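Whenever a hint applies, use it, and build me the whole structure from the sequences.
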Amino acid sequence: MRGCSTAVVFVGSLSIWLAGLSPGVLAAGDAAHGAQVFKQCLICHTNEAGKNKIGPSLFGIIGRPSASVPNFNYSPAMKAFNKVWTDELLKEYEPDPQKMVPGTKMSFPGLKNPQDVDDVIAYLNTLK
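In my numbering, each residue carries its 1-based index in the sequence shown increased by 3.
Since the hints were derived computationally from the structure, they do not count as laboratory data.
Because the structure is a prediction, the values reported are computed rather than measured.
Where is the CB? At the ideal position from N, CA and C, for every residue including glycine.
Label-pair restraints from in silico Cβ distances: (1) Gly106 - Ala35: 31 to 41 angstroms; (2) Ala34 - Pro79: 26 to 36 angstroms; (3) Glu95 - Gln43: 14 to 24 angstroms.
Below, in silico cross-link-like pairs of lysine-lysine (BS3-like), each with a Cα-Cα straight-line distance of 27 angstroms or less: (4) Lys82 - Lys56; (5) Lys86 - Lys56; (6) Lys42 - Lys102; (7) Lys108 - Lys54; (8) Lys131 - Lys54; (9) Lys56 - Lys115; (10) Lys82 - Lys94; (11) Lys42 - Lys54; (12) Lys56 - Lys102; (13) Lys108 - Lys56; (14) Lys56 - Lys131; (15) Lys108 - Lys82; (16) Lys94 - Lys42; (17) Lys108 - Lys131; (18) Lys115 - Lys94; (19) Lys131 - Lys82; (20) Lys54 - Lys94.
Pasting the structure below:
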């Protein structure tokens, strides 16, 4: 009986701890699949620090202020956006970049599959 009550206390404590975590901590993203989905982003972006293409490098994007990659010419709309890229912000941005930042130079229509969005965000979190 003692083992059963210990298990109940552990599960209860774990549930309370998990409930206190931010939504990004429990993201259901698969970074390996995200790397595959990200290949379509490589047309315009890179995943290497300091290397820009038509779009800025996405290396280290999580936690970075928007429009802050050196030597990249951002649109006035992106400069005015003035946010810090977080998992939550990218989850809103990736499905429809033009809707979130009207006037951005990014012509990509967005990732429409919510799981692909989560997976790409998980992958972007590995680029540090």
